[in-house]
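Q: Residue numbers (this note's numbering), protein chains in the order written: chain Y, 1 to 352; chain V, 1 to 184; chain X, 1 to 656; chain C, 1 to 100.
Treat the hints as calculated values from the structure; they're not laboratory data. Note that CB positions come from ideal geometry on N, CA and C, so glycine has one too. Incorrect hints may appear among the rest.
[What the hints assert, rightly or not] Sample of chain X residues facing chain C (criterion: CB under 8 Å; computed from the structure):
#: 1; residue: V70
#: 2; residue: S72
#: 3; residue: G599
#: 4; residue: R602
#: 5; residue: G636
#: 6; residue: A639
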Amino acid sequence: MPLWLYIVSSVVKSAIVLGVLLTAVAYTVWLERKVVGHMQNRWGPTRVGPFGLLQPAADGLKFLFKEDLTPPHVYKPLYIAAPMIAVIFALTSIAVIPFGTYITIDGYNIPLQITTDVNTALLLILGVTSIGVYGVALAGWSSNNKYSLLGGLRASAQMVSYEISLGLSLVGVLILAGSFSLRDIVNAQGGYFLGFIPRWNFFLQPIGFFCYLMAAYAETNRIPFDLPEAETELVAGYHTEYSAMKFAMFFMAEYANMITVACLATLLFFGGWLSPFNENVWLQAHGAPQVVLALLPVLWFAAKVVVFLFIYIWVRGTLPRFRYDQLMAFGWKFLLPLALVNLIATAIAVAW
Amino acid sequence: MISIHLALFLIFGVVAVAGAVNLLAQRHPINAALSLIAVMAALAGEYMLLGAEFLAAVQVIVYAGAIMVLFVFVIMLLNAGVEERTEGSRVAIIFGIPGVLLGSILVAWVILRYSETEAVPAGALPGAPSTIGQLLFHEFLLPFEITSILILIAIMGAVVLASKPEPAAGGPSKKLATEQKVND
Amino acid sequence: MNPNLSLWLIPVLPLAGAAINGFFGRKSSRTAVSTVALVFSGTAFLWALTVAWRASSIPLPYQEYLAHWVRSGSFSVDFAFYLDQLSLVMLLVVTGVGFLIHIYSIGYMWEEPGYYRFFSYLNLFMFFMLTLVLANNYLVMFIGWEGVGLASYLLIGFWFTKDSAASAGKKAFIVNRIGDFGFLIGLFLLIQHFGTLNFTQVFDQVKPLAVESSGAGLLTAIGILFMVGACGKSAQIPLYVWLPDAMEGPTPVSALIHAATMVTAGVYMVSRSHVIFEKAPIALAIVAIIGTLTALFAATIGVTQTDIKKVLAYSTVSQLGYMFMACGVGAFSAGIFHLMTHAFFKGLLFLAAGSVIHAIGGEQDMRKMGGLRSYIPWTFLTMGIATLAISGIPPFAGFWSKDEILYKAYQTSWIYWLIGVITAFITSFYMFRLLFMTFFGDYRGAHVDEHGQLHSVHGPDLHRDDAHGHGEPHESPWVMLGPLVVLALLSTIGGLVGIGNHFEHFLAPVFGSEYPQKIAEGSGVNELLLMVISVILALAGATLAYVLYVSKPELPEKITDRMHGLYEAVLNKYYVDEFYAALFVKPLIGVSTSVLWKGVDRKIIDDSINDAAEGARHVSDNVRHMQSGNLRSYAGWIAAGSAVVIAYMVWLGVGR
Amino acid sequence: MVPLSYYLVLSGILFACGVAGFLIKRNIITIFMSIELMLNGVNLSFVAFAAHWHALAGQVFVFFVMVVAAAESAVGLAIIIAVYRTRETLNVDHVNLLKL
């Protein structure tokens, strides 16, 4: 592949992914409001556009034009840097996530992924996620507000704790795939059990998936693990002192993280872009255009991600918040041992 | 012409050195911690250049993601402030910085003067996770097990040291959780 | 292939007895203590007999190697034993007489506190004496040499609560040290010049050397130094002064250590080193002169002593002089022969004296005895035999050995002979004086009514609780009389082995055969004449004693009155002790006090140590400020140190 | 292509900065971070040497260094908390009871 094509394709891919991602973030917010609204027997946003579809745009505009207040006794450099750190690292992790197979342009296979297939993609995502803690923690500390500080402390402790369970829950999948490469992991899930059940890791690793989901919810500070921003205790937690675009950045970071988690869940446990049905073979046999063949997996991928986002919102609308000690006890005394048992069982099974 | 490899090396190197110097210059521990994170991230980049992908990832996850989080956590917990200047510190600065400068210049000169100038190609030694794992669980199994015991001891030691003199009944403290993270 | 004689058992058995009694004796009954002591020393004696029997069938000398001791460069010393005819004789004498005295001691010491201690010491002495006798090199011999000194010290000071006993012990020890000093220097000379202390190796190297007849040389020096050591141990002029004082110890100790065995160690050592002495005529002459003079000198003192044990002590010194005289004239086998017979009769004399003392409740002054013949007939009988033996009346043991010595002395020089014969006359006189004063005439002592009162005035047996409660002198129990009888028997017939030079032939492998040939040359008539002269003189001495102390008891007073000055001098042992005190002890104490104690010890040693401590305190007082407790200063020091190391490495690298 | 010595120089500079930080910093946490900086400097030379000598063991060493550093910082920070609890200060110059 010539260098220019590499650069051009990278730039184009980055632009598309970023655009899609930000839009997705915005519409996840809309989706959440809508779903939660219906769950709570109300309508959610309805006024702006049909079904309130333009609501995200209105919100964005509002954030942009609101006055950006900076409280007087904050530690300014970090106060400003914190939301940036949060959003940057939230968006970075999407870079290594593959959305589909390849597009062939002029004889060159261009992977549907911003970077090339990195051998240690999963590790990079974990690393970037763990760095994401700094955004929350620094925001809480630099605000010079005790609620914020408590929120920041809670967030860092919580995220650091659940990161272990998160990592361990993935090791089972890694053992099955034998690689850190997300593409390899997805490809390892091709095929069917008994001819019709997709060979997804979910069916092999149900406990692993459960652990992953719980840890991921905690990592993203979502209900029922949203202690860092528990409004009944800490006003708004680490972003109490933030407003306008800075506040929006935290919001974006949170939803971007949700999407990353959903993508990972899809890739690791639900076959990524692989279809549950065998329609690709059928389509190829019937001479479907190449573009369709290339984009159909992306569609499958997106569909699965949306399902996960819906589950996120569903959980939010259903479950109450943990108490902090319950949260820690759950993480250390239940989730970690469970993930370990799962790991050992998987290792033994594979060794057999 | 500077190769991309050298350019990347220089970029990461400059970031690392800048972070290190900033660590010295900053008086607030949290800034120092952030500088150190920058150094570590830059070093992860250097590791990538040297082909040590796994180490680069571990560097980020363990150092930047766990150890430094722990530092930041403690700084926040103790609400560490700007360090005050004292007589001793001035003496240390007057003698320490020139000494260190002199020392590093000397070492650098010696290394550059006397070491072989054989170049290290980018990604010269692919430190893939699988090969590292092979090595770790075969040749270095005993050290690996010993370090795991070390970590276990460190966990218990940290819990004992950091727990309040009167152990509170009930679930694990926040501290416990944080220390345990190091096990990653 | 040499048979294994297990020589090591002989010394180790008494050591075991000493250890058992020493560690557990305090809590044990007297019966148990005596059983242990007797069993171990008796077994040693039996084993010695076995060894003697088996030794007749194997080639001597026999060596037994036990362990390394010193390994330093080419110089090495082993724990090893050596058995030849000489050590065999000594072995039998030591274990045999030692065993008899052990038996005797049971009766004699029964009432004493510290009974176990006594037997522990006694067994310890046996161990060291046997080590001395069996050693195959000078260093192991020296262990025994020092060990018997230690045991002697402990036993002399057995009644350590009594001042005179304690100081007598110290005196013995210190005087012995002077002798040991000479011995040690002799050993150093041996090491320096021959590189070994092993008897056989030393003698093999000495044998080819020329006789130092023209002037004094290395061997002469070694010989004289050895003689100094022997003088100390065997109580010869000028170091004899400790032996009379050693009589403060219990009588069995006097018999065993200060008559029969330990004091003869010097004679043994000189005989053992005969190869060296034979090459050094001057040293040999010195031995002879010292021996002769001591014999005469001690005998004259013996005439005036009234303490029964002191008389015997001077007699011992005198007899040892005889032995050295024999060695000095090259008649080593005669010396050893006399050593053996002397062990019998002098041991007997002391034991009998002990029996006498026992009989009259601790009295030692002969002036308070007399007429004991009828009270203690067995003691009288045995002591009479011993007296006959020491006086040289045939056919008792002393006659044969003394005659042998006098004959050999005559062959070397008639002066030795003359003095020897005069000494024999004096010996006969004072021994019969002792016998007559003790057993004849009327009992002059007080009848003991109140227990202990009399004892507190006299005698070393102060602590004895006189449980007999008698008013009359009484015969000793058979446990004491038994050894007396056995020794009397030996004193009677022990000399017969010397007839026809049997003993000399037996020892010939050790001492060589040159002297027997000389004897063959000498005329038999001459020997018979000398024999007759000495017997006549001995009988004359006995007769004189009878006249002075039995038939005309008032005569001695007159004589002493007339010869007042001389008598006083002799009575006070020629003022030798006082002379030594003035010449050595006082200046030594003065110098020690003024120079060594106040000068060296206080000013130099103490002050230097104190100053060093003070200085260290000052320095650390200043240095400790470096230890500021400031973490970063520590870090600075570490950094500076590592910088130095790095700089050094760099310099190494650059300078390469 | 980057010569090995460049990596070594970079590692040396980082190490020297760590030493300097250890010496001139007063805050005990910062001092701790300086130690981590030194460890990182050493790690870099390990990795560079591993690449240079084609010996993967160097990377494994770095792995161990990281593990030990993690244990060390856990205990160290716990100690710092304990010290702060009793001394109410993080300035090492004020924590100087370790003297006569």
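Q: Could you run down the list of hints and mark each one as holding or not?
A: Consistency of the hints with the structure:
1. V70: This interface hint is violated because 48 Å lies over the 8 Å limit.
2. S72: With Cβ-Cβ at 47 Å, over 8 Å, it is violated.
3. G599: This interface hint is violated because 38 Å lies over the 8 Å limit.
4. R602: violated (33 Å)
5. G636: holds (6 Å)
6. A639: Where the cut-off is 8 Å and the nearest Cβ of chain C is about 6 Å from X/A639, the hint holds.
Hint compliance for this structure: hints 1, 2, 3 and 4 are not met, and every other hint is.
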